[in-house]
Amino acid sequence: MSPSQHLSDADFERFRDQIATFPEQVRTVVAELTPARLGLRYREGGWTAAQVINHLADSHLNALVRVKLLLTEDNPTIVPYDQDSWASLPDGRTEDVEDSLRLLEAVHRKLTYILHHVSPSDRARTYYHPEYKETRSLDYTVSMYAAHGLHHLAQLRSILPAEAELPR
Amino acid sequence: MNTSSAPTPAATLNFPILLSPEEREEALKKLEILPVQVRTTVQELTPARMGLSYREGGWTAPQLVHHLADIHGVFWLRLKLALTEPHPIGHAFNQDAWAETPEANIEAVDDSLLMLEALHGRAFRLFLSLTEEERLRPFRHPRYQRDFTADQLLSLWVWHGEHHLAQMRTILPN
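Residue numbers (our numbering), protein chains in the order written: chain A, 1 to 168; chain B, 169 to 342.
By construction, these hints were calculated from the structure, which means they are not laboratory data.
Hints are supplied without guarantee of correctness; some may be wrong.
Stated by the list, open to error - Here are the simulated distance ranges between beta carbons: (1) A:T135 <-> B:S297: 22 to 30 Å; (2) B:E330 <-> A:P90: 44 to 52 Å; (3) A:G39 <-> B:L340: 43 to 51 Å; (4) B:N262 <-> A:H148: 21 to 29 Å.
Claimed, not checked - In silico contact screen, one side only, chain B against chain A (beta carbon under 7 Å); selected entries: (5) R207; (6) L249; (7) T252; (8) P254; (9) N262; (10) W266; (11) T269; (12) L282.
Stated by the list, open to error - Chain A is nowhere near these chain B residues, computed Cβ spacing over 10 Å in every case: (13) Q205; (14) H259; (15) E285; (16) R290; (17) E301.
All residues carry an ideal CB built from backbone N, CA and C; glycine is no exception.
Here chain A stands alone, though its shape is the one from the complex:
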């Protein structure tokens, strides 16, 4: 879908519901990971499970900020960030992920509440991403972050099986 395209109501509700249930899905996977596996990478050179979890909290906090900006300003330019540098900070690497899980829960509940209370015209409101040079609608943003969550959830699940040999 193009960044300014609109979703059908059915698609919008589907993505909104994915956003609503996402933190619980991450919790379920993390509950099955032994602490030792939080330091494993889903592939050589990729992030560890802990980095993925900390990244999800940061990324989706950015999503909440972007949604609030587009609802309160006329096509605001958002602040991009270097996600690999963020993931390399001690905060991004820590295997103490409880606060990231809680941040993810709080942010998703807020996003879900907002998405239950926006009008069709709100859904067409936009922000501008200066790095990608894209004007993105709320509809597109919702679809993008729903997919972003599932993308990383699949990585976390690949670290799950206790017998899988994975790089540290």
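Got chain A; can you put chain B on it based on the hints?
Relative to chain A, chain B alone:
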């Protein structure tokens, strides 16, 4: 519409660019306990007082809690930006308009309390891990139009939290 329209004294405050060991320890302690202080204050508010403001036209206790979660979320993003880029410009936003979006305009504060606790937990540990060089890393504050070091952001963060906590406490029954 309730607003925060009173001018923010933080604009005129001078925070040290690098905190002394004692100042830093004090600030980190305050950063760590603020979410508990906010939660305790909210729990002491009767439902009838949740709709009251600390001053005529000012924010109610739920609006103050949502504001703290929102703004400390922005502080968090600015901190990580300052630590990963040379002299970035921090995120700008309209705080009065942010208080009017759907999730910020409700009496239920559970999500904001959870967000505040999670953010302060991460911020406490990240600030604690910083070297002196990292504590001096600057970002441009978009509203005040001047540079803040990471240590100054820590001071601003604590000041901001305590400023609004004091407002919430004035709403408590005597």
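Hint by hint, here is what the structure shows:
Range check, A:T135 to B:S297: Cβ separation about 38 Å, and the 22 to 30 Å hint is violated. Checked against the hint of 44 to 52 Å, the C-beta distance between B:E330 and A:P90 comes to roughly 26 Å, which is inconsistent with it. Between A:G39 and B:L340 the beta carbons are some 45 Å apart, a value that agrees with the proposed interval 43 to 51 Å. Between B:N262 and A:H148 the beta carbon distance is about 26 Å. The supplied range of 21 to 29 Å therefore holds.
The restraint placing B:R207 at the interface with chain A is violated, with a minimum CB-CB distance near 13 Å, outside the 7 Å limit. About 6 Å separates the beta-carbon of B:L249 from the nearest beta-carbon of chain A, less than 7 Å, and the hint is met. Because the closest C-beta pair between B:T252 and chain A is about 4 Å apart, less than 7 Å, the hint holds. Look at B:P254: its Cβ only gets to about 11 Å from chain A, farther than 7 Å, so that hint breaks.
Hint status for B:N262 relative to chain A: holds, with the closest Cβ pair at about 5 Å, below 7 Å. For B:W266, the interface hint holds, the least distance from its beta-carbon to any beta-carbon of chain A being 6 Å, beneath 7 Å. For the restraint placing B:T269 at the interface with chain A, the shortest Cβ-Cβ distance is roughly 5 Å, inside the 7 Å limit, so the hint holds. For the restraint placing B:L282 at the interface with chain A, the shortest Cβ-Cβ distance is roughly 4 Å, inside the 7 Å limit, so the hint holds.
At roughly 18 Å from the closest C-beta of chain A, the C-beta of B:Q205 stays outside 10 Å, upholding its exclusion from the interface. For B:H259, the condition that its CB be more than 10 Å from all CB atoms of chain A is violated, with the nearest at approximately 5 Å. Non-interface status of B:E285 relative to chain A is broken: a Cβ of that chain comes within 10 Å, the nearest being about 7 Å off. The beta carbon of B:R290 sits about 5 Å from the closest Cβ of chain A, which is not more than 10 Å, so the claim that it is off the interface is violated.
Every CB of chain A is more than 10 Å from the CB of B:E301 (nearest about 14 Å), matching its label as outside the interface.
Hints 1, 2, 5, 8, 14, 15, 16, counting from the list given before, are not met by this structure.
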